[in-house]
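S.K.: Below are the chains, spelled out letter by letter.
Protein chains: 2
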Amino acid sequence: MKDVVIGIDIGGTFTKFGIIDKDGKCLKENYTSTDKYHDFDEFLKNLHAEIEKCIKHISEPISVKGIGIGAPNGNYNRGTIENAPNLNWEGIIYFTDKLKAYYPNWPIVLTNDANAAAIGEMMYGGAKEMKDFIVITLGTGLGSGIVVNGNLVYGYDGFAGELGHTNVKHRGRECGCGKLGCLEAYVSATGIKRTVFKLMAERIIDSELRNYSYETLTSKMISEAAKKDDKIALEAFEITGRTLGVRLADAVACTRPEAIFLLGGLAQAGHLLLEPTKRYMDENLFPIYRGKVKLLLSNLKEANAAVLGASALAWKELQK
Amino acid sequence: MKDVVIGIDIGGTFTKFGIIDKDGKCLKENYTSTDKYHDFDEFLKNLHAEIEKCIKHISEPISVKGIGIGAPNGNYNRGTIENAPNLNWEGIIYFTDKLKAYYPNWPIVLTNDANAAAIGEMMYGGAKEMKDFIVITLGTGLGSGIVVNGNLVYGYDGFAGELGHTNVKHRGRECGCGKLGCLEAYVSATGIKRTVFKLMAERIIDSELRNYSYETLTSKMISEAAKKDDKIALEAFEITGRTLGVRLADAVACTRPEAIFLLGGLAQAGHLLLEPTKRYMDENLFPIYRGKVKLLLSNLKEANAAVLGASALAWKELQK
Numbered sequence: 001m002k003d004v005v006i007g008i009d010i011g012g013t014f015t016k017f018g019i020i021d022k023d024g025k026c027l028k029e030n031y032t033s034t035d036k037y038h039d040f041d042e043f044l045k046n047l048h049a050e051i052e053k054c055i056k057h058i059s060e061p062i063s064v065k066g067i068g069i070g071a072p073n074g075n076y077n078r079g080t081i082e083n084a085p086n087l088n089w090e091g092i093i094y095f096t097d098k099l100k101a102y103y104p105n106w107p108i109v110l111t112n113d114a115n116a117a118a119i120g121e122m123m124y125g126g127a128k129e130m131k132d133f134i135v136i137t138l139g140t141g142l143g144s145g146i147v148v149n150g151n152l153v154y155g156y157d158g159f160a161g162e163l164g165h166t167n168v169k170h171r172g173r174e175c176g177c178g179k180l181g182c183l184e185a186y187v188s189a190t191g192i193k194r195t196v197f198k199l200m201a202e203r204i205i206d207s208e209l210r211n212y213s214y215e216t217l218t219s220k221m222i223s224e225a226a227k228k229d230d231k232i233a234l235e236a237f238e239i240t241g242r243t244l245g246v247r248l249a250d251a252v253a254c255t256r257p258e259a260i261f262l263l264g265g266l267a268q269a270g271h272l273l274l275e276p277t278k279r280y281m282d283e284n285l286f287p288i289y290r291g292k293v294k295l296l297l298s299n300l301k302e303a304n305a306a307v308l309g310a311s312a313l314a315w316k317e318l319q320k
Numbered sequence: 001m002k003d004v005v006i007g008i009d010i011g012g013t014f015t016k017f018g019i020i021d022k023d024g025k026c027l028k029e030n031y032t033s034t035d036k037y038h039d040f041d042e043f044l045k046n047l048h049a050e051i052e053k054c055i056k057h058i059s060e061p062i063s064v065k066g067i068g069i070g071a072p073n074g075n076y077n078r079g080t081i082e083n084a085p086n087l088n089w090e091g092i093i094y095f096t097d098k099l100k101a102y103y104p105n106w107p108i109v110l111t112n113d114a115n116a117a118a119i120g121e122m123m124y125g126g127a128k129e130m131k132d133f134i135v136i137t138l139g140t141g142l143g144s145g146i147v148v149n150g151n152l153v154y155g156y157d158g159f160a161g162e163l164g165h166t167n168v169k170h171r172g173r174e175c176g177c178g179k180l181g182c183l184e185a186y187v188s189a190t191g192i193k194r195t196v197f198k199l200m201a202e203r204i205i206d207s208e209l210r211n212y213s214y215e216t217l218t219s220k221m222i223s224e225a226a227k228k229d230d231k232i233a234l235e236a237f238e239i240t241g242r243t244l245g246v247r248l249a250d251a252v253a254c255t256r257p258e259a260i261f262l263l264g265g266l267a268q269a270g271h272l273l274l275e276p277t278k279r280y281m282d283e284n285l286f287p288i289y290r291g292k293v294k295l296l297l298s299n300l301k302e303a304n305a306a307v308l309g310a311s312a313l314a315w316k317e318l319q320k
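Residue numbers (my numbering), protein chains in the order written: chain H, 1 to 320; chain X, 1 to 320.
None of these hints come from the bench; they were simulated from the model.
Possibly wrong hints are sitting among the right ones.
Since the list can't tell identical chains apart, any single copy or any two copies may satisfy a pair.
[Unchecked claim] Within a straight-line C-alpha distance of at most 20 Å, the following computed SDA-like cross-link-like pairs (lysine to any residue) qualify: (1) K193 <-> H57; (2) K220 <-> S207; (3) K100 <-> D39; (4) K316 <-> N149; (5) K169 <-> P287; (6) K294 <-> D157; (7) K320 <-> N149; (8) K320 <-> G150; (9) K179 <-> R279; (10) K198 <-> D23; (11) K169 <-> N304; (12) K292 <-> D157; (13) K169 <-> R290; (14) K301 <-> L234; (15) K292 <-> N77; (16) K128 <-> D157; (17) K179 <-> E283; (18) K294 <-> G158; (19) K28 <-> C177; (20) K220 <-> E283; (21) K220 <-> G139; (22) K131 <-> K320; (23) K179 <-> K292.
For reference, chain H alone in the conformation it holds in the complex (with noise of 0.2 Å):
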């Protein structure tokens, strides 16, 4: 009999979710939609439907033990999705309350999407290792997931790990969360075509990326004109590099973590982000940090890395 725990991970479109080990070897997985449904209730319902699917097509025996959920604006005190901007259920949803109504025996928690990365990369990821790391996810927006002592950082609410909605500039970008000035309006796959649409603006150089749309423009476009030597796209990475980099430093002022992870669209630029996020960060730091702060990419696998993630927060809980 092997013990399993269910992750699943919600997004604004998809819902993706795991049979996982304690190794992190997924048994099966699949995904169901997250938008069809306006009503909380009737997605919770197919959702369960689609799980007990999932476990009968898995030939081995099994014993599930507990339920990890990553989802946006999730706190783990209450178990809720709050006023998530992304997701068709308004104000609080008590998720996990609603989801033992279908699994009464197994413990259910819920954290938000960044938080279960963060977690994720603890046990099986690049901080196996580590006590004090940061995750950052860099995707349409940016989410961060902060590790003290071995332990995640939810704050007196549930809801502490916001880095991005530090504050980067003064009446700066508009953010998604109503505010002026976010790190995530600067820095995300967002943040970093708005600094490129503003930089045609500003420039006059040519670059293939003046023949995109708002719409259409990606930051794998960016990254892939910048590997071409596109000055507007490299001119892009270099701003969003240091507007990362000195918010990190200002973290690492915080915690001082060990190593700062990053996940998620934007970071698959690999070097081009890395290599001046890393030196502002390093020439922003209190010099006793300075040099000693990893930065590195996330190494679990993008595909899975959320459903991954939320696994691992249920086996955390597990252990208390």
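Starting from the known structure of chain H, arrange chain X on it as the hints suggest.
M.R.: Chain X only, in chain H's frame:
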């Protein structure tokens, strides 16, 4: 027989110490010189003699259980003072190891002064019921102690919690640490003085502060002037509160404290500093935190807050 610990606060000029019981009552306290001793071993020999003298003067029977020390650039993990710019002893001082030669039977712990203040606040002050909070000390510099889930954040190398060296301005004011634009160059007793001098250069309005040299002006004089409606002084508090408020908002995004406590010389300005800091902090907070983070003055008595903090560190260690 009453259980007590010895709390020691190493300052640039004086070293204060006290014999403290578990309720924070000081049975006896005294101080000795720090800067008179260029040789650390000589300093320690004298400190030991002074402590012994102090203990002998306590009439009731006591049992000493441990020693806690707060020191600039103190490292909890190693029990060292490392390259403290305001002390005579260069390089790395193995403080706890050397003190153990005098007191081999008691646990001896050391941390930086702001961390000690945070533990003092938790044990004897306004954070008694709190598990997540931050203490900011506003003296010559800006120190910080960050508590997460009831424990002080030491980070990977024991040097976490250096909010004084987060980045306010690119190529900004010179900081004692060698970096440019650090928070403590703007927000501290010295920082507000620098702001006053900048304002006196920029504005032509009358101010009583124009009568003082840089060497004689103190943050207390600036508070006094502000209370008398001096425009330069009032603007200096507004700017100082703005700068601090923004960086506190960023610190909240890291660890989501229940409250932030201000302590030290500049904090004695009270409402003059609290009001603009709170206003700008809230304005720059991620909306889900807005209005929910308390900004408070420490309720430890200024005179012996550091000694109390050091003793609390020792009590905390004994609980482990």
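S.K.: Indicate, hint by hint, whether the structure satisfies it.
M.R.: Consistency of the hints with the structure:
1. Within a single copy, K193 and H57 get their C-alpha atoms no closer than 42 Å, and across copies no closer than 71 Å, so neither meets the 20 Å cut-off.
2. For the identical chains of this complex, K220 and S207 are intra-copy neighbours only, at 15 Å inside a copy versus 57 Å across copies, given an alpha-carbon limit of 20 Å.
3. In this assembly of identical chains, the alpha carbons of K100 and D39 lie at most 20 Å apart only when taken from the same copy (18 Å versus 65 Å across copies).
4. In the homo-oligomer, the alpha carbons of K316 and N149 lie at most 20 Å apart both inside one protomer (14 Å) and across protomers (17 Å), since each shortest distance falls under that limit.
5. Proximity of K169 to P287 under the C-alpha cut-off of 20 Å is restricted to the inter-copy arrangement: shortest distance 17 Å between copies versus 24 Å within a copy.
6. In this assembly of identical chains, the alpha carbons of K294 and D157 lie at most 20 Å apart only when taken from different copies (13 Å versus 29 Å within one copy).
7. When the C-alpha separation of K320 and N149 is checked against a cutoff of 20 Å, the pair qualifies both within a copy, at 15 Å, and between copies, at 15 Å.
8. When the C-alpha separation of K320 and G150 is checked against a cutoff of 20 Å, the pair qualifies both within a copy, at 12 Å, and between copies, at 17 Å.
9. Taking CA atoms no more than 20 Å apart as the test, K179 paired with R279 passes between copies only; the shortest distance there is 15 Å, against 28 Å inside one copy.
10. Taking the shortest alpha-carbon separations for K198 and D23, neither the intra-copy value of 45 Å nor the inter-copy value of 59 Å comes in at or below 20 Å.
11. With identical chains, the CA atoms of K169 and N304 are never at most 20 Å apart, being 34 Å at best within one copy and 39 Å at best between copies.
12. When the C-alpha separation of K292 and D157 is checked against a cutoff of 20 Å, the pair qualifies only between copies, where the shortest distance is 10 Å, while the shortest distance within a copy is 32 Å.
13. In the homo-oligomer, the alpha carbons of K169 and R290 lie at most 20 Å apart only across protomers (19 Å), although the nearest pairing inside one protomer, at 24 Å, exceeds that limit.
14. Neither within a single protomer nor between protomers do K301 and L234 lie at most 20 Å apart by alpha-carbon distance, with minima of 26 Å and 54 Å respectively.
15. Only between protomers do K292 and N77 lie at most 20 Å apart by alpha-carbon distance; the minimum there is 16 Å, versus 33 Å within a single protomer.
16. When the C-alpha separation of K128 and D157 is checked against a cutoff of 20 Å, the pair qualifies only between copies, where the shortest distance is 18 Å, while the shortest distance within a copy is 27 Å.
17. Taking the shortest Cα distances, K179 and E283 sit within 20 Å of each other only across copies (8 Å), while inside one copy they are farther apart (28 Å).
18. Proximity of K294 and G158 under a CA criterion of 20 Å is satisfied inter-copy only: 16 Å between copies versus 27 Å inside one chain copy.
19. Taking identical chains as interchangeable, the C-alpha atoms of K28 and C177 are never at most 20 Å apart, the minima being 36 Å within one chain and 53 Å between chains.
20. In the homo-oligomer, the alpha carbons of K220 and E283 never lie at most 20 Å apart, since the shortest distance is 28 Å inside one protomer and 34 Å across protomers.
21. In this assembly of identical chains, the alpha carbons of K220 and G139 lie at most 20 Å apart only when taken from the same copy (11 Å versus 48 Å across copies).
22. In this assembly of identical chains, K131 and K320 lie within 20 Å of each other by CA distance both inside one copy and across copies; the values are 16 Å within and 19 Å between.
23. In the homo-oligomer, the alpha carbons of K179 and K292 lie at most 20 Å apart only across protomers (16 Å), although the nearest pairing inside one protomer, at 33 Å, exceeds that limit.
Violated hints, listed in ascending order, are 1, 10, 11, 14, 19 and 20; each of the other numbered hints is respected by the structure.
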